[in-house]
Amino acid sequence: MKEYLWVAFFLLVGIAFCLGGFIFNWFIRSNKPSESKLSTYECGEKPVGSAWIQYDVKYYLYGLLFLIFDVEIVFIIPWATIFKGSATVTALFVEMVIFIVILLVGLIYAGKKGALQWR
Amino acid sequence: MEIAFYILAGMAVTSAILVVSLKNLVRAILALASLFLSIAGLYILLSAEFLGLVQILVYIGGVILLFLFLIMLTENLFEKNKVNLFQRITGVGLVLLLFSIIISIFMKQPFQAIPKTDYSIQELGKHLLTDYLVPFEVVSLLLLVALIGAIVIAKKEENK
Amino acid sequence: MELLYNTERLVEIIGDFLQSCKGYGIPEWVLTLGGGVVVAVIIAGFIAVNTLILVLAERKVSAFIQDRLGPMRVGPWGCLQTVADALKLLQKEDITPKKADRLIFFLSPIIVFAPAVMAYVAISWSPKIRVADINLGLLYIFATGSLGTLGIILAGWSSANKWSLLGGMRSAAQIISYEVALILSVIGVIMLSGSLNLENLISCQKDCWYIVYQPLGFLLFLVSAIAETNRAPFDIVEAEQELVGGFHTEYSAMKFAMFFLGEYASVFIASALCATLFLGGWQPVPGLPAVVPPIIWFLAKCYLIVFIIMWIRWTYPRIRVDQLMGFSWKFLIPLGFLNIGLTGFIMAIRG
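Chains as they are written, first to last, in this note's numbering: chain Y, 1 to 119; chain F, 120 to 279; chain B, 280 to 630.
Simulated from the structure, these hints should not be mistaken for laboratory data.
Nothing false has been slipped in among the hints.
Covered stretches of chain B (chain Y as the covering partner; in silico rule of three or more C-beta atoms under 8 Å from a C-beta of chain Y):
#, segment
1, 406-413
2, 449-462
3, 472-478
In this text, a Cβ means the ideal position worked out from N, Cα and C, and glycines have one as well.
Input sequences plus hints: build the corresponding full structure.
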């Protein structure tokens, strides 16, 4: 448990490092804002419309696919840690093959439906 | 230990309030991420190290990202949307119903201190693949169903 | 000289010094905090200096590969070039576009950089040098990696720039696609050692490095790690010709520097992880006598991987975005499952 105190401490260190940099920069920077400097950068063109518009559904699909495989990995990791030196290695292996094959069917289905294709 | 609990719990409650009160959806999601992070901290405090890290990996790395993609999918994010009285009443009613269900389950549960044991990941794996083998394989089927459902819905969206 | 040779002594000396301070009536918590600050300064200094070295190395390696000289003007052999660049970046004007969401625009560089710093907690530098011995260190490093993704997509969104947002979205989609392949590639190593603790993983490789048992896993890890850190040939997110500068187009001064530091910090973490998992960490080549101190071995292996990553960057052309996504889902992930299956099969046969 104690080692996670270090994790919390390093979270604070990371934030402090950033803030320190920002504050130092704030003291020595030049600051001459102008209308065109503060406008959105589009290589010199005048920006048309907002950037916050509707984006493609494909990103969402990749997000869902990732979530499903992420959850799968969460189940594979505990299995992987008990594999070495186990008395029932064959049984463990077969159990995991079943688990993975079911999901591979899903991956193949996704591939067949063209869901993995970036458009 | 106790101080850590109060800090994390305070963080969790504050971010939960921010999630529902912030008007800007992306900021609300950022608050949700901080809620998940503090809950992960609470898990680790309860020596459920694996659960805490998985909480970060799956919830912040996956679910929050999915929410962000979902927001990018919505149009007119910042327009004032009008909520009529009927929607308001249904919303409040549903929340109250859910709240009462959760509270009633909590009241039935006799809470007691769990004997301090070593919750190692190996122990978890052993239990998962012996005592809970059937649910373990069913999880795989469940994930398959979710995968197929996601593809079907997304394909429908694309064809529109 | 003896200190350099036996780096563990340095840790002991600092520890002894702090212990001896107790005699002078300094309260315990001040000492604990003092020790923490010393460690934090060392790690933060390492991240900053390492970035300067890596950027210079990157430019020199690219120059060497393209038969150029690279930076030569500032300092002997141009070795102060990145220091000058950093100083310049430090005094630049900090611009927040008018349309941007100011709060999130301010927070995103922190969300990218802080997790990269947090990952250094779990790294095992040598038998005695490490910040904390985290039991599930491997999973912990992956968890910090997934935190950084959030910062990238938020940076793209808060800039209120179409190209930034597109770059951030592409980046996030790419990172999550390759993260699956990345974690799958190390499952074989976990199966062989039965542990997620980096310390344990290293000591399991005393006789034979895992690259021998897991050549496929090593290749998968290297490829997905390059893609995870958004580097060429997978740097579609900042493809200059299409997306201006990617998700950090609108960023300037220190905020931009933080993205840069975060990127190089995670490149180093990826190579350190690669060295730990497949090349035996701080252990010398099996059979060689332990003459060189372990931390030198560890750093040498890390920089070797960094060099390979740079070599790949300057040799291969950029992959198209549709090929990029297909490559992970149709090629790397099935191969990752195949690797798990093969490892399991062989281990089951050999008992």
